[in-house]
Every structure is written in C-alpha cells, then in structure tokens.
Amino acid sequence: MLEPGDWVRALRGPISVLGAGGFVGANLLRRLLKYREDVFGVVRTLPAWRLDGIDRRHVLEADLIDLAATRNLVANVRPSTIFDCIAYGAYSFETDQELIYRTNFTALVQLMELLADTGFTAFVHAGSSSEYGTNSAGPLEEASLQPNSHYSVSKAAASNYISYVGNIRRLPVVNLRLYSVYGPLEDLSRLIPNLVAKGLKGAFPPLVDPNTSRDFVYIDDVCDAFVHAAARLTPDIYGQAFNIGAGRATTIREVAKVAGDVFAIRAEPIFGSMAGRSWDLPDWYAAPGKAERLLNWTAKTDLATGLKLTSEWVRSLEGLDAGAMTKRTPSPRRRSISAIVACYKDEQAIPVMHRRLTDTFKKLDVNYEIIFVNDGSPDNCADRIVEISATDPHVLGITHSRNFGSQMAFRSGMEMSVMQACVLLDGDLQDPPELIEQFYHRWTEGYDVVYGRRVKRDMPFGWGFLYKAFYRLFAYLSYVKIPLDAGDFSLIDRRVVGWLLRSPERDLFLRGLRAYIGFRQTGVDYVRPKRMFGESTNNLLKNLEWAKRGIFSFSNAPLKMLSAGGVVLLGLSIVLGVIVAGLRILIPDIAPRGATTLLLASLFFGAINLFAVGLLGEYIAKIMEEVKARPRLIRSGLIRNGETSQLLPDEATWS
1 MLEPGDWVRA LRGPISVLGA GGFVGANLLR RLLKYREDVF GVVRTLPAWR LDGIDRRHVL
61 EADLIDLAAT RNLVANVRPS TIFDCIAYGA YSFETDQELI YRTNFTALVQ LMELLADTGF
121 TAFVHAGSSS EYGTNSAGPL EEASLQPNSH YSVSKAAASN YISYVGNIRR LPVVNLRLYS
181 VYGPLEDLSR LIPNLVAKGL KGAFPPLVDP NTSRDFVYID DVCDAFVHAA ARLTPDIYGQ
241 AFNIGAGRAT TIREVAKVAG DVFAIRAEPI FGSMAGRSWD LPDWYAAPGK AERLLNWTAK
301 TDLATGLKLT SEWVRSLEGL DAGAMTKRTP SPRRRSISAI VACYKDEQAI PVMHRRLTDT
361 FKKLDVNYEI IFVNDGSPDN CADRIVEISA TDPHVLGITH SRNFGSQMAF RSGMEMSVMQ
421 ACVLLDGDLQ DPPELIEQFY HRWTEGYDVV YGRRVKRDMP FGWGFLYKAF YRLFAYLSYV
481 KIPLDAGDFS LIDRRVVGWL LRSPERDLFL RGLRAYIGFR QTGVDYVRPK RMFGESTNNL
541 LKNLEWAKRG IFSFSNAPLK MLSAGGVVLL GLSIVLGVIV AGLRILIPDI APRGATTLLL
601 ASLFFGAINL FAVGLLGEYI AKIMEEVKAR PRLIRSGLIR NGETSQLLPD EATWS
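Oh and the sequence shown: position 432 is 432 in my numbering, straight run, nothing missing.
What the hints contain is simulated information worked out from the structure, not anything from laboratory work.
Beta carbons are placed, not taken as given, at the ideal position from N, Cα and C, and that holds for glycine.
Fair warning: there could be bad hints in the mix.
Here are the simulated DSS-like pairs of lysine-lysine, each with C-alpha atoms no more than 25 angstroms apart in a straight line [claimed, not checked]:
id: 1; residue 1: K300; residue 2: K34
id: 2; residue 1: K290; residue 2: K198
id: 3; residue 1: K481; residue 2: K34
Now the in silico label distances, taken between C-beta atoms and shown as ranges [claimed, not checked]:
id: 4; residue 1: S316; residue 2: K530; range: 51 to 59 angstroms
id: 5; residue 1: G53; residue 2: L501; range: 28 to 36 angstroms
id: 6; residue 1: E142; residue 2: K34; range: 30 to 38 angstroms
Model the full structure from these sequences, guided by the hints.
And the structure:
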C-alpha cells in the first residue's frame, strides 16, 4: 500500500498551489513541502498568517484576477502540476458579487487558457458541494446542478468550464467538490474552530437548528484527495467531478454530542441561538463512491479524532492575535514591489545595490523581490547574482544571451515580475535606491507612476547642459507630453506595467512610452550622482543614438518639417524663377550667370534632398526593425537560490 509521501513524489513538478494563503491551500502546501522542494505556493497578498514558518523561497505573491500577473506567473514558474484552491464567497460575510464571479470563474478561465499551451500534466480544482445548490442530499456527480446563491452559481460555472476543457479540449483537469472541510488553520469564525475553542473552556458556542446536517471531512483527508486526483489523472477522467466528503450526514445535535464527549463539556448546548446562512439547507452530505472507485480515496478520520487533532492546533494559538486569523477582521493589505536592476559592467555595484535595496524595502515593510538582469555583461555580474541569490530568496537573476540594451533589460524584468509595482533602476547606482521611499509614499497617495526628476547631475557643466537641452527639445517635438529631466528610474504600478508589456515595439524608449500610456503620474526631484564604480559606458555617439531613438519614436515633427520646408522651397523657387525670367527679359545684364550659381543651387538642393532621404531612412529603419518581428530579447538562464537554470526557446528550464 502506497504511503502519502509516495503519492506526492509521484507527481510531476514543478508544483503550484494557488490560493495557498487559504485554509485548504495552506494545508496542502505544507503537506507537499514535507516531501518535495519544487513546490510553490501562490498567495494574493502577504503576509499570510497560515504560511508562518514556511521558507519564503516557496511562496510567490500574485493576484490571479489580474491577467498580467497570471501571465507572468505562468511564464516564470511553468508548473506541471497545479492545485487550484482559489475561492471567494463561501463565507456569509463575503458578499461582493462581482468579486465572487471574477475570482471563482473569470480567473480560472484566464489561467487555464494560459496553461493550455504549456504542456502541464495535472490541474486539480477545488470545487464546492455548493454547486448542487438545492439538490444537496447525497447527489451523485452526474446529478443536475441547482445553484441557490451567487457563490454556487460561480462554482457551478467553473465546474461546467472544467468539463468542457477536459472532455472537449482534452486537457488534464478535474474538479473536486468539497464538503464541510475542517481542521487546523481554518478561519476562527467557522463552526468547528469555535466549537473546539469553547469546548476547551467547557462551553458551547451559539449553534443553529439541531436537525441541520452536514458532511464533515477532515483537512488531511482532503489533502490526500487532491494528491490522489493529480497522481491518477488519466485521460478517462479528464473534465470529471468528484464528491469529496465522508459520506455521512452528521446533524448539529450529533456534533454537539461528540464535542461534549471529547472535551467533557457539562453545559447544555443552546440550539437555534445562531442564524444559518441564507442559502443553507437542512440536509447537505456527499455520495463519495466515485472518488473511492476512480481515485482510490476515502475519508479516514472520524469526527471525534478530527476534533482532538484540531484542538491541538487551537491550544497552540494561546497568546496570539486571534483577530488576525479570520477574514471578518482582515489586516491592512501589505503592498509588494519588484526592483528591476539593469546590469552591464556592474559587478562591483551589485552587492551594494542589493544591500541598499534590502534596507529600503525592510524600512517600508513591504513584500519585495529584487530582479537583477545580467544584460550580456562581459564581467562577472552573473557570479555576483548567483552568490547573492544563494543567501537571499528575494533575489531572482535573469541572464540574457547577449547585450540587448537597458530598455529590453527592464522589459525582461517586468515580464517576470509578479508584484504590485515595479521599480526600474540602472545597476551603476546612479539611481539611489533610498529614493524609492518617496516613490512609495506617492504611490500610496494614488499615483500610478512616480518618476525621478534629475534636477541636477554630478557631471561637467557641458554634459549637463546637453542633457537638459535634449529633454526640452524632445518634449517640444513629441506628440505626447513628456516630463522634463525624467529618466527610466521610476516606480510603475502593475496596471501601467501591464499596458507597457502590451506595447509591441522592439525599439523601446521606455520613458516616452511611459508618458504615452498615461494614468496618474508625478515626479520626485533628486540629484543624480556619478557612477560609483568604473567608467560610464555612455559617450557622445551613444547619447546621439538615444536622442534619435526618442525623437523618432515619439515625434513626427521631422517629417512635418520636411513637408513644410519642401513647400517653402517650392514657393521660393517659383518666385525666384519668375524674378530671374523677368530680369532676363527686361535687364539681360543683371540676370545671374555662370557655373558658380548653378553649382551652389545644386549643392543646396542636393543637401536638402540627402537630409530628407536620411530622415526618411531613419523612420524606415524603425519600421523594418518592427516588421522583422525577431525576438525582443533572449533569456539564456534564470538564477534562483544560488542555482542557474538554462532556458530553452520556449523558456522551459533545461537541467
């Protein structure tokens, strides 16, 4: 007979547990981590009290309602086995109807469509017995669904979608319809944790009608059901649903009796002292025979044993803040930031950048990740990133196959980010990480983009004058409003990042594109210091290329100037032609003569033509760059936890 660890080890990795901050997801994540290292829990926001003590390397933050965050997560993790425990609306106080449908149905569809092309091997969805609605007394999986609440409608829709993608599109998915799951880490506002907490003190909590029945199933048994479903997910069960319950209708009167015996409660329970939920029904229990036949799963833990096991957890909570362990009193949402550092010849600066970024983020008390992008650097940038990531799980490294430029380095990091905002920094420490604190505060005030405004540069006067002149010329010529003296150093909200990533151009000029996208933007003034280590990689020619990139990407003014110049010269030529003809007739000796006049005129108009052709060539070159549709960038490897994974063309890892 296989042990639980054998079932877990049989799964294909990497493994993702979505909704790992919830009751079922947290228990499942902890179960899997006992036997595997390639397991990643995904939570909407951190901190999550149920995940206390779990290595941060195994926890990712992403709001999977957001399509861009979902896309980034799938591209980053490339999971083979997925346990989807995301849900909203099961609690009576979760009443946001729009959020119910977006969480339980829309997010599932978005995720599945992104996973469809990845070759995943198993997707196990946490459904609900609420899908049956009014048909709640021991229905078989093939019975009709009769939803009686927004929550049950959303879960029934998810079940039908899973049936479609499994049976018609032949994707490896199943739906587990969970009954009344209880055990450690359950929300303290729920029946069983309340019953145990009161029972340990010799009392009963308020109870509903004593004849109301439920099918109570212990959390460890439910975790086993998820693992069994993934391990036995063969094509003959694609798209099917399974009832996950004990198969016993236990009344509230019977629950009180068992609790009274387990905890030696002498007080009498007061039934009917608590109102039930609006969609509750008298009899609600499972017919789990299909799960036993096809998944080799049955619930093994009786209610008395489950209450004893739950009481051990409840006792461990003594002295802790119980209010933080229920959704009824949610804690303030903690924000999260990805710092994306473009590195080229920055080997010495990387450890300093890491230390300063870490200090800044800890001071702000935000969840964070630091993404170092080694953009084909000829020095030992990659080695420094490996060393740092070995000791700091917040660090992710990306290695490009060659130098694609800082703009593509920033894009590469944004594509990998799963946080609520991105901060873009050059790796040479000319963008001071401490300024992020001011960026953060403006972000919390409601701004979507907060950029650094370089009021002064620590450089020779001549260079500073040229930079300021460029920004003013660029702003004057551009067809979008461009903030003066604003470089790439900025904090960008996830919504804006999503639109940036939807912009298809390959010849990127991010500071212009950032202005083009709009949303609420503001600047923070700072003095830009010198490069801390080594010599600047910029020179006059590179700066001229930057100027051309910005102007030709966000301005049609040169073409309009050519058109206007052509009209003026045509008019001037006509006027001069008429004058010369008149002079030739009226005063022949005054009319211009000789080769010199013709030569000068030819040189002038020839230079104008060459200049015009050159301008047109610049625009045509940009068009050619776009229509060739070559890859914008090529990632050769990812660095995490001190290890480098090589990437194949589809960005799957190759070990």
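Verification of the supplied hints:
Distance hint between K300 and K34 is fulfilled; the C-alpha atoms sit about 20 angstroms from each other, no more than 25 angstroms. This hinted pair does not check out: K290 and K198 have alpha carbons roughly 36 angstroms apart, beyond 25 angstroms. At roughly 55 angstroms between alpha-carbon atoms, K481 and K34 are farther apart than 25 angstroms, so this suggested pair is violated. Against the hinted window of 51 to 59 angstroms, the Cβ-Cβ separation of S316 and K530 comes to about 54 angstroms, which satisfies the hint.
Roughly 35 angstroms separates the CB atoms of G53 and L501, a value that falls within the hinted 28 to 36 angstroms. Distance hint check: the CB atoms of E142 and K34 are about 35 angstroms apart, consistent with the given range 30 to 38 angstroms.
When held up to the earlier numbered hints, the structure conflicts with 2, 3 and fits the remainder.
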